[in-house]
Amino acid sequence: MTDLVTDFFRVAVAVSVPYILGGQAMTISGRSGIFLVFNEGVMLASASATFLATFLSGGNIIIGLLAGAAMGGFFGLVMGYFSITLKQNQFVVGLALLVAAVGIANFMYSVFIGVVIKPPQIPTLLPVHIPLLSDIPYLGPVLFSQNLMFYFAVILSILVWAFLYRTRYGLNFRSVGENPRVADSLGINVSLTRYAGAVAGGIVMGIAGGYLPLYFTGTYTPSLVNGRGWIVIALTLFGRWNPIPVMLGALLFAAAEVFGIYGQILNLPVPSQFLLMIPFIVTLAILVQTYRKTELPEGLAKNYDRESAED
Amino acid sequence: MPAEELVRMTGIAKRFGDVLALDHVDFGITGGKVHALLGENGAGKTTLMNVLYGLYRADEGRVEIKGKEMAIRTPRDALRHRIAMVHQHFRLVSNFTSFENILLGTGRGLKFEARAQREKVESIAREYGLSVDLDAKVKALPVGAQQRVEILKVLARDPLVLILDEPTSSLTPQEADVLLGAIKKLAMNGLGVVFITHKVREVMSIADEITVLNGGRVAGRLQVSESGEKRLVELMMGGRGAPPLLQAGPTPARTSAAQGEPALVLTSVSVGSGKGASAVEEVDLAVRHGEILGVAGVSGNGQRELAEAIMCVRRAGSGSIKLDGIELTRLNTKQVISMGVGYIPEDRMGDGILPSMTIAENIVLGREHSPSFSDRFALNRKAMGAAALRGVEDYNIKTTSVEAHAGVLSGGNVQKILIARAFLTQCKFLVAHNPTRGLDIAATDHVLRSLVKQKEGGAGVLLISEDLDELMAVSDRICVLFKGQVMGVVEAGSYDKYEIGAMMAGKKKEASAS
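Line by line, the protein sequences are chains X and E. Residues 30 to 340 (this note's numbering) make up the first sequence, in order. Residues -19 to 494 (this note's numbering) make up the second sequence, in order.
It is worth saying that the hints were derived from the structure and are not from the lab. Take the hints with a grain of salt, since some may be wrong.
[Said to hold, decoys possible] Each pair of labels, with its calculated beta carbon distance range: (1) L188(X) / D476(E): 54 to 62 Å; (2) T247(E) / L188(X): 32 to 40 Å; (3) H69(E) / A314(X): 37 to 45 Å; (4) F303(X) / T247(E): 33 to 41 Å; (5) T(-10)(E) / F136(X): 35 to 43 Å; (6) K119(E) / F136(X): 43 to 51 Å; (7) R60(E) / I92(X): 56 to 64 Å; (8) L162(X) / S74(E): 27 to 35 Å; (9) G87(E) / I92(X): 34 to 42 Å; (10) S252(X) / T313(E): 32 to 40 Å; (11) S390(E) / S252(X): 51 to 59 Å; (12) G87(E) / R269(X): 22 to 30 Å; (13) R269(X) / K100(E): 31 to 39 Å; (14) S252(X) / A358(E): 54 to 62 Å.
Ideal Cβ placement from N, Cα and C applies to all residues, glycine included.
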């Protein structure tokens, strides 16, 4: 039984990686005032790019992840152009890009792979055992025998936090997400900051998408993202756009997802469809509980026009 | 110290669409002097300074700094030339602490290397008597403290020129005195200070030089020694109209015979703020027919919640609100309006108008059920149009037609629509929240006179305002709200600005023998 519990948490931690990265992507861009809603599509496009680049480079995962990051960064840039330069509604633009990204994802796969009986496989990420730490009972296998991307995600979360809350750059960056008019009046470049937020967020979201074929399937399928792009939004709300709570929220949502899978393995007397609903039910319950208390960055999803009238 | 000219603006013109907001204005700022920029709302004062600060770009004209022509395209340019501006609406990030706000945009690198900055801010605060809690979040600070943060923020940047846009508008008289003292000291230390205001009295007490703007043009340029209050008002208004009510001073004491029947009676009313704490606590108030009760207080002390509870826009948590003996707390807003209660809400854009509907529709809104505007089924568009036209003429609303969309109007004109709506008929009771905000002198005067007319017609009027001069000019009694509680009520004839100011800062009125 303890094996099963350890195993459950070990898998949950591995599954949390795209949630952690996606949540940090939302946090970075959100703190500059850009609300990313395109995640469900962009993660898929990046998953496709990562898969194809890894496959075509003969199994080089680094090249694959760079391709995924570039894909995400590209969508971040487009998001920035429409919302910052053209001042279009961020939700409308985001949804449009979501749909476009899904199309691009499937299109790229068809162009490079086409219809095949047996889908091509790429190598998946292997666990790396950290010496000494991985020998700690229970904690060792759960936290210190994970693949490198998990460590990357944790370190990134801490870096994002340190940047936002411990540097002057971060203070200026956050002020753009809170109140662009104030930032502007103090000589902070609002457009540049928001572009940086959108592109950085897109890149990290792209890496989150790239993780999916590298961990879950070893290949590309159109249903690879499976709602994670939406759950990422929920967990960022839960984490109040603050990197550390966002990371913890990601673990919580990942546990809910894995619980659904384990329920099936254990043959619980519940239809499997219900078990697969668990992450979404948890999402709903948590959102209802936290939404009212959530402190969003005040300028989130609001475009800024210097010569427009005072609010 | 030789007075050095720091800034010279020549022939500045700025258009917004077809409107010429600044018509070739010249303006200069000298070190060590306070230069008052006086004018009505919409005269172009703020626009002129926004040009200097790089928020707006001038269509024509040149700006020289210390004799050299400079292009100031963004606030960053202005700050580089050591020009700083304190805006009327504070430019503070409410989720940040005071110190974070002060640090904002000043440097790069690690935040924790800010100790030197902190000591500097603390010494400036001591020197000018601008004490604030540097580690409190700005949204938790009262308005006066927020302004001190704002001023510290710009002073920390070592400005040569300091622009203050209507800095006293939300302060108690005591706070305003402290601020004016600090400004004088700043000028003594060699800064060029621009003081934007529409209050003539402040100009007389603080300024060295005065430039009066009217309709985007310079109406006069004088030294304070050669001007007088009356002359300045004339210049501001372009020499038209009678002396306004505001200039006439406080309402004289009433005779007790003038007291009417009680109209609105509030008994231990508490109203929630929607964030847990109650915004109005155990308020007892009575407004009589034929009386204007002024409500003074720094904005955000429960005024809005009080007004909305009376209008049943917001439910009172407890207590009773009675109008002519009828309990209002169980009614809805439509029923309250149909009882003859007029309402001028504070948030004119959010609660006041429907921007995509026409001016006529907006003016009649809320009374469209009354027989004069509709029969059982259809609206009487003709009557609506006629009523709207009357409002447009009475209040000088600048529009091409009453069928134009209300959303295209400027803030001042929207405010006039709300007022035209409230004064469409003789009210039984009127709740007016900051009714003159954003209006010019003539329109302000018209509104205040209309309030008095409503009162003379027998209405009880609850006038909520942040402008003490205005309250003292028309109110028969003034009650002061602080943190949702009534600090005291003062009768006309015994108004003392400083007594009211102390109550606005939370000091309960001492019980007097009467």
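Checked against the structure, which of the hints given earlier come out wrong?
Hints 2, 4, 5, 7, 8 and 10 are the ones this structure does not satisfy, whereas the remaining hints hold.
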